[in-house]
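Q: So the chains spell out like this:
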Amino acid sequence: MDRPLIEISHLSKSYQRGDQVIPVLTDITFDIASGEFLALIGPSGSGKSTLLNCIAGIDSVDGGNIVVSGTDIATLREGELATWRSRHVGFIFQFYNLIPVLTALENVELPLLLTTLSAGQRRDHALAALSAVGLSDRTDHKPSQLSGGQQQRVAIARAIVTDPDIIVADEPTGDLDRQSAADILALLGRLNAELGKTIVMVTHDHRAAEAAHLVRELNKGELRAAS
Amino acid sequence: MLLLRLIIKNAFRHRLRSILTIVGITIALLAFGLLRTVLDAWHAGVSASSANRLVTRNAISMTQPLPYAYKGRIRQVTGIDIVAAGSWFGGVYLDEKNFFANFVVEADDFFRLYPELLVSPEEQKAFTADRKGAIIGRKLADRFRWRIGDTVTLRGTIYPGQWPLTIRAIYKGARPDTDETVLYLHWGYLDETMKKRAPDRAGQAGFFMIGIADATRAAEISKAIDALFVNSQAETLTETERAFQLGFVSMSEAILLAITAVSYVVILIILAVAANTMAMSARERLGEFAVLKTLGFRGPTLAGMLVAESLILSVSGAALAMALLPPLAQGFATGLAQYFPIFFVSRETVMLGFTFGVLVGLLAAVIPAARVSSVRIADAFRRIG
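Residue numbers (my numbering), protein chains in the order written: chain A, 4 to 230; chain B, -17 to 367.
Among the clues, some could well be false.
Stated by the list, open to error - Selected chain A positions facing chain B (Cβ under 7 Å, derived; list incomplete):
(1) 56
(2) 61
(3) 62
(4) 82
(5) 88
(6) 89
(7) 94
(8) 100
(9) 102
(10) 104
(11) 109
(12) 112
(13) 114
Keep in mind the hints are simulated off the structure, nothing from the lab.
We treat Cβ as the ideally placed atom computed from N, Cα and C, and that holds for glycine.
Sequences and hints are given; from them, build the entire structure.
A: Written out as structure tokens, the structure is:
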């Protein structure tokens, strides 16, 4: 049997608020297989976004391990984590988080600045990513000139342009109308099915969770199989 | 290129705020440049002085004369090439408001001592030959539209009476800091006239201008000259021309210090304004910086982007200021020619303006850049909701 892409063991995380320590994740242990499409659900404050951030290497952990393709990212220093993220993780946010002064093409090209690709190659890759999300005709549009669904598709193009192993999506349909949300979920499904991307998605929308192959529920920092 | 485009777009993202910041920096550096130019104007005599020239004056005060007979004894000191007597004449042309500097000099020696006063040989000869002749600077000639051959009568304030003079020569300065607003007349004319009008004031000089071949011997020669007149009725004080000029400048030291302080306070104020602009800009875009960090950009890169934005604004302001400074100073020079005959923007002032432009840009971005560089991604996302 193949080794899982992501192995999480005894992960714990808490926040300090004044003198008070608030546990957010408690002894989380689970694996995510390569090519998986996992949905993490749970009520607000359950720790699902924190867990996603830890998996993506943008938040630190208090204890436990997160091993991705054999690398324990919990032990990496900040600079090493930045490099690791740029190579292995694509990010999709609820509010798209595009850079407003850049065009769609420039937004998608941005992560490629950290690669050794030439300007021409970067442009070709960005155009291909925009084409994959069906936005070839919107390359010169700024985010403010695009609908919410289109902006999220630009964000997805930005997430896949570096060809990462993992795509993490934090409430990717949370700011979209029903049709746009369905389109985005279909697109994520295609990326998973056709390109074999491992997707970890946080959502509290059960309809969105249904798009995933596997659903896990977090409640008060503890993980359990979804009902 | 994309990163540079992003930096430039971010620098002008809030167009009004960016333009106001640039205008603020421009005005501040213009004020700084003008104040520096005023200081330079004050020190013009000092900067124009030569290391090969000494001035001997009465040790008690500049206003006390020295016997003209000292000239011959001074000339005997080893290392001295030229000695020329001179005095502040203090003549007034028609009205006090027409003020300009005027001195009596010994023409032949004076021209040898001051080669930076450029005059044609014919005009120099004409001036030397005419006891009642005068040589004037180009700017003074322009100011009163005087021409060669014109008769100008000065009213004496130190040396009473009317002093008709004929303009025989007009000099140009060899350097930008050469004063072109002075009138020189013959020491001989003054002395002969005083013999008739006030014999007890004849045979006197206000100071002696001395040329030496070796500037490194200035201190030694000065000592030797003053030693000649120790315990005499009029003891002397000999110093370099630079020290002599600094003596005049030091009379206004408090004013100069105040101007210097104001010029630097202006820079500090604009630094605070620019720092506020950059802090606001960084705070507003904290989420974007967090996104860039998420994508893999490192803290120092983002800090560098912010510093570059700050530099774009400050250097734009500095460039604008330094471009506007010379014409503005020219306008001031025209209006203040009577008080500041040498009023031009020096290369040092322009360099200093640019240096402060760069420094303001760098310092204004220090705190926001450090914050952006060190902020944790998850914290930034939590802060912006």
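Q: Confirm or reject each hint.
A: Structure-based check of each hint:
1. Here the hint on residue 56 of chain A is kept, as its CB sits about 5 Å from the closest CB of chain B, short of 7 Å.
2. Below 7 Å, beta-carbon pairs count as interface contacts, and residue 61 of chain A has one with chain B at about 4 Å; its hint therefore holds.
3. Checking residue 62 of chain A against chain B: minimum C-beta separation of about 4 Å stays under 7 Å; hint holds.
4. Hint status for residue 82 of chain A: holds, given a least beta-carbon distance of 6 Å to chain B, under 7 Å.
5. Nearest Cβ of chain B to the Cβ of residue 88 of chain A: about 5 Å, under the 7 Å cut. The hint holds.
6. Look at residue 89 of chain A: its Cβ gets to within about 3 Å of chain B, closer than 7 Å, so that hint holds up.
7. Hint on residue 94 of chain A holds. Least Cβ distance to chain B is approximately 5 Å, under the 7 Å limit.
8. Interface hint status for residue 100 of chain A: upheld, as the beta-carbon distance to the closest one in chain B is roughly 5 Å, under 7 Å.
9. Nearest Cβ of chain B to the Cβ of residue 102 of chain A: about 6 Å, under the 7 Å cut. The hint holds.
10. At about 4 Å, the closest approach between the beta carbon of residue 104 of chain A and any beta carbon in chain B falls short of 7 Å, and the interface hint on this residue holds.
11. Because the closest C-beta pair between residue 109 of chain A and chain B is about 6 Å apart, less than 7 Å, the hint holds.
12. Annotation: residue 112 of chain A was flagged as interfacial toward chain B, and the flag holds, the nearest CB pair being 6 Å apart, inside 7 Å.
13. This hint holds: residue 114 of chain A has a C-beta 5 Å from the nearest C-beta of chain B, less than the 7 Å allowed.
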